[in-house]
Amino acid sequence: MEDLLNYIVEGLIDTDDIKISKRTGHHSITLDLRIPQSEAGKVIGRNGRVVKAIRDVLGIVGARQNKRVHLEVNS
Amino acid sequence: MALQKVEVRAASVAEAVAQALAQLGKDEDEALIEVLAQTADSALVRVSVDDDEDELLAEYGDDDDEEQPKRRRRRVASTDEQTVALARQLLEALLTRMNIDAFVTPVVQKAKGSDDEEDTLTLHIEGVDEETTGLMIGRRGETLRSLQYLLNVLIHRQTGRWSQVVIDIGQYRQRRQDSLEGLALRMAERVRQSGRPMPLEPMSSFERRIIHMALREDPSVYTESAGEGEHRKIVIYPKR
Numbered sequence: 001m002e003d004l005l006n007y008i009v010e011g012l013i014d015t016d017d018i019k020i021s022k023r024t025g026h027h028s029i030t031l032d033l034r035i036p037q038s039e040a041g042k043v044i045g046r047n048g049r050v051v052k053a054i055r056d057v058l059g060i061v062g063a064r065q066n067k068r069v070h071l072e073v074n075s
Numbered sequence: 001m002a003l004q005k006v007e008v009r010a011a012s013v014a015e016a017v018a019q020a021l022a023q024l025g026k027d028e029d030e031a032l033i034e035v036l037a038q039t040a041d042s043a044l045v046r047v048s049v050d051d052d053e054d055e056l057l058a059e060y061g062d063d064d065d066e067e068q069p070k071r072r073r074r075r076v077a078s079t080d081e082q083t084v085a086l087a088r089q090l091l092e093a094l095l096t097r098m099n100i101d102a103f104v105t106p107v108v109q110k111a112k113g114s115d116d117e118e119d120t121l122t123l124h125i126e127g128v129d130e131e132t133t134g135l136m137i138g139r140r141g142e143t144l145r146s147l148q149y150l151l152n153v154l155i156h157r158q159t160g161r162w163s164q165v166v167i168d169i170g171q172y173r174q175r176r177q178d179s180l181e182g183l184a185l186r187m188a189e190r191v192r193q194s195g196r197p198m199p200l201e202p203m204s205s206f207e208r209r210i211i212h213m214a215l216r217e218d219p220s221v222y223t224e225s226a227g228e229g230e231h232r233k234i235v236i237y238p239k240r
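Order-wise, the sequence lines are chains A and B. Take the first sequence: its letters are residues 1 to 75, numbered as in the working numbering. Take the second sequence: its letters are residues 1 to 240, numbered as in the working numbering.
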């Protein structure tokens, strides 16, 4: 799942300074994405539309493992 | 050599396209592919190729662009081909990383008229099991819309141009269109009988358009959209 997130984010921002960590629980997976502050807007999008789309796509993968996915974007 | 067209019916779009291309002995990127009809278990496609490329392209371009035939050609043939290839490649890369085994078949649908900017590219995802298909579509198609939006953002980041690539899976778009058209006709009938306006559920612009189109020729009702953003919906009114 980190692979997928990394691939998406790479395609959205202008730097490869991307750090992803993952915590897996019984019912959920939490992905923590760290990117430079200047790039955050590109991943979030207007009204959070891009990050919502990313969450939905990650959610498909999570649902196949019966887990909810939480994505946090930090800088 | 003259234009060659083949129409093939098969169980899926991917299969029909593969058969048609095999008959013609051509590659996908040399051909124009159109989906003529599609149901849950069959698809009819038309594949056209021309060995004399200029002739095929002349069908698309309008002739008032003669001063820059080369440029016109590039825009119609190669830029579009590039976008198609890029879109497909990006979607396949996403699916691979989602651990979803699938076939992606790009289909360019010609808009009526000659303006190729109105053409739409649909990427058909096939070969995915039913449960995953349901997850990918999501409630009222919301997840599919997200995947599609993300793909278009990624294409925009690479090309600098906004595209309108549509993703379809398990013929969801066609089924949704059929059910929206059915809904439109049933609700129009109610409006006719009651003489009262009838609001429908909120829908995306794409879906509202299907309703508007379905009732456009109906002499007894007319449709309007009301509300903002997420809440925008169609109201069907009786005509008097």
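Check the hints yourself; a few may be wrong.
As the list claims (entries may be wrong) - Below 20 Å or equal to it, Euclidean Cα-Cα: the simulated DMTMM-like pairs (lysine to aspartate or glutamate) are:
1) A/Lys67 - B/Glu131
2) A/Lys52 - B/Glu7
3) A/Lys67 - A/Asp16
4) A/Lys52 - A/Glu2
5) A/Lys67 - B/Glu201
6) A/Lys67 - B/Glu130
7) B/Lys239 - B/Glu217
8) A/Lys22 - A/Asp3
9) A/Lys67 - A/Glu2
10) A/Lys67 - A/Asp17
11) A/Lys67 - B/Glu189
12) B/Lys239 - B/Glu189
13) A/Lys19 - A/Asp3
14) B/Lys110 - B/Glu230
15) A/Lys67 - A/Glu39
16) B/Lys26 - B/Asp101
17) A/Lys52 - B/Asp129
18) A/Lys22 - A/Glu72
Worth flagging that the hints you see were computed from the coordinates, not collected in a lab.
Structure-based check of all given hints:
1. A/Lys67 - B/Glu131: Judged against 20 Å, a Cα distance of about 15 Å means the pair holds.
2. A/Lys52 - B/Glu7: Judged against 20 Å, a Cα distance of about 40 Å means the pair is violated.
3. A/Lys67 - A/Asp16: 28 Å, violated
4. A/Lys52 - A/Glu2: 17 Å, holds
5. A/Lys67 - B/Glu201: 30 Å, violated
6. A/Lys67 - B/Glu130: 19 Å, holds
7. B/Lys239 - B/Glu217: Status holds; Cα separation ~12 Å.
8. A/Lys22 - A/Asp3: 11 Å, holds
9. A/Lys67 - A/Glu2: Status holds; Cα separation ~15 Å.
10. A/Lys67 - A/Asp17: With a Cα-Cα distance of about 28 Å, the restraint between A/Lys67 and A/Asp17 is violated, given a limit of 20 Å.
11. A/Lys67 - B/Glu189: Cα-Cα ~44 Å, so violated.
12. B/Lys239 - B/Glu189: 12 Å, holds
13. A/Lys19 - A/Asp3: Holds, at roughly 11 Å.
14. B/Lys110 - B/Glu230: Judged against 20 Å, a Cα distance of about 30 Å means the pair is violated.
15. A/Lys67 - A/Glu39: Not satisfied, since the Cα-Cα distance of roughly 28 Å exceeds 20 Å.
16. B/Lys26 - B/Asp101: 25 Å, violated
17. A/Lys52 - B/Asp129: 25 Å, violated
18. A/Lys22 - A/Glu72: 10 Å, holds
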